[in-house]
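*Asks:* Sequence:
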Amino acid sequence: MSRQVLATLLEQARDAALEILSPTRCAGCERPGALVCERCLHELRLIDPSLSCIRCGAPFGSLVCTECTPLQEGAAPPIARAPERVLAMAEFAEPLARMIRAYKDAGERRLAPLFSEMLLDTAEHAEAVAPERYGGILSDADAVSFVPATASAFRRRGFDHMELPAHHLCELAGKPLLDALAKHGASDQRALGREGRRREALGAYEVVADVAGMRVLLIDDVVTTGATVAAAADALIGAGARHVDALSLARVVGGS
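Heads up, the sequence shown is in the UniProt record's numbering, so the first residue is 1 and it goes up one at a time.
Heads up, a few of these hints could be off.
[Stated by the list, open to error] Beta-carbon label-pair distances, calculated as ranges:
no.: 1; residue 1: R25; residue 2: E171; range: 22 to 30 Å
no.: 2; residue 1: H184; residue 2: F159; range: 15 to 23 Å
no.: 3; residue 1: G135; residue 2: E30; range: 23 to 31 Å
no.: 4; residue 1: R156; residue 2: A209; range: 21 to 29 Å
no.: 5; residue 1: T24; residue 2: A209; range: 32 to 40 Å
no.: 6; residue 1: R156; residue 2: G238; range: 23 to 31 Å
no.: 7; residue 1: T24; residue 2: F154; range: 21 to 29 Å
no.: 8; residue 1: E38; residue 2: R101; range: 17 to 25 Å
no.: 9; residue 1: E206; residue 2: L172; range: 25 to 33 Å
no.: 10; residue 1: R242; residue 2: P23; range: 31 to 39 Å
no.: 11; residue 1: D179; residue 2: G213; range: 12 to 20 Å
no.: 12; residue 1: G240; residue 2: P23; range: 46 to 54 Å
no.: 13; residue 1: A209; residue 2: S50; range: 32 to 40 Å
no.: 14; residue 1: P131; residue 2: V64; range: 16 to 24 Å
In short, the hints are calculated from the structure, not lab data. Every residue gets a Cβ at the ideal spot worked out from N, C-alpha and C, and that includes glycine.
Please take these sequences and the hints and turn them into a complete structure.
*Replies:* Below, the structure written as structure tokens:
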């Protein structure tokens with residue numbers, strides 16, 4: 001028996017033992033049996049790409065978006081002009097919110113391939129049903145990049161939460177992965193309000209790869225105000241990228 005076969009058998013035995021001791025539970029509802037159950041998949045609040053805001057990904061923002069357009073004096077200014085388009089799969093609500101937290105904060109890395117499949121399906125669906133709005137968002141991209149975590153978040157979690165989904169997405173879509181961005185600063189933006197997120201995002205990203213002339217698809221897990229993907233995309237464009245779109249799992253609606 002080769003060492004590789006033996007290692008595979010030992011890994012399978014370990015996984016089987018762990019499954020007996022601690023059975024897999026749904027990341028969305030804690031029911032035993034599957035990593036994500038069918039019920040939770042059906043409960044996702046999917047965003048219609050033919051009706052969403054092409055600028056920030058919010059649902060039903062195709063005409064006048066209340067998320068990224070100021071409606072009254074003193075309201076927050078619109079997000080930066082980059083990226084060109086933002087596409088989000090679903091609203092940031094349960095059970096998706098719990099799934100994302102289980103991945104990022106509880107270290108359930110088995111969700112990474114599923115998230116990649118969700119991102120791929122979202123992009124392909126948008127290209128098919130709304131080609132005039134999202135045509136080529138994935139198929140025409142020269143490379144896929146991702147919004148990186150801060151150094152402190154990396155140390156706390158032990159991994160960069162968007163690198164794994166980006167890697168799997170590139171394998172599925174046949175696109176090269178471009179680890180193009182480094183993030184400065186250490187704050188957790190989940191504790192910040194709308195204006196705090198905008199200020200924190202300014203100048204937070206450094207481009208560390210050659211992106212000149214490229215069409216880049218930038219992925220992130222959650223778009224709250226759009227400030228993060230806008231700042232990351234602006235950095236890419238400033239470094240010579242020809243076009244940047246953004247794709248996310250979730251869009252916060254009505255967030256502060």
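*Asks:* Hint by hint, say whether it matches the structure.
*Replies:* Against the structure, the hints come out as follows:
1. R25 x E171: 22 to 30 Å: Holds - the Cβ-Cβ distance for R25 and E171, about 27 Å, lies within 22 to 30 Å.
2. H184 x F159: 15 to 23 Å: 19 Å, holds
3. G135 x E30: 23 to 31 Å: Check failed, 39 Å falls outside 23 to 31 Å.
4. R156 x A209: 21 to 29 Å: Holds - the Cβ-Cβ distance for R156 and A209, about 25 Å, lies within 21 to 29 Å.
5. T24 x A209: 32 to 40 Å: 37 Å Cβ-Cβ, so the 32 to 40 Å window holds.
6. R156 x G238: 23 to 31 Å: 29 Å Cβ-Cβ, so the 23 to 31 Å window holds.
7. T24 x F154: 21 to 29 Å: 26 Å, holds
8. E38 x R101: 17 to 25 Å: Holds: the Cβ-Cβ distance is about 20 Å, inside 17 to 25 Å.
9. E206 x L172: 25 to 33 Å: 28 Å, holds
10. R242 x P23: 31 to 39 Å: Given about 49 Å between the Cβ atoms, the range is violated.
11. D179 x G213: 12 to 20 Å: At roughly 18 Å between Cβ atoms, G213 and D179 fall inside 12 to 20 Å, so the hint holds.
12. G240 x P23: 46 to 54 Å: 50 Å, holds
13. A209 x S50: 32 to 40 Å: At 34 Å between Cβs, range holds.
14. P131 x V64: 16 to 24 Å: 23 Å, holds
Going through the hint list in order, the structure does not satisfy hints 3 and 10.
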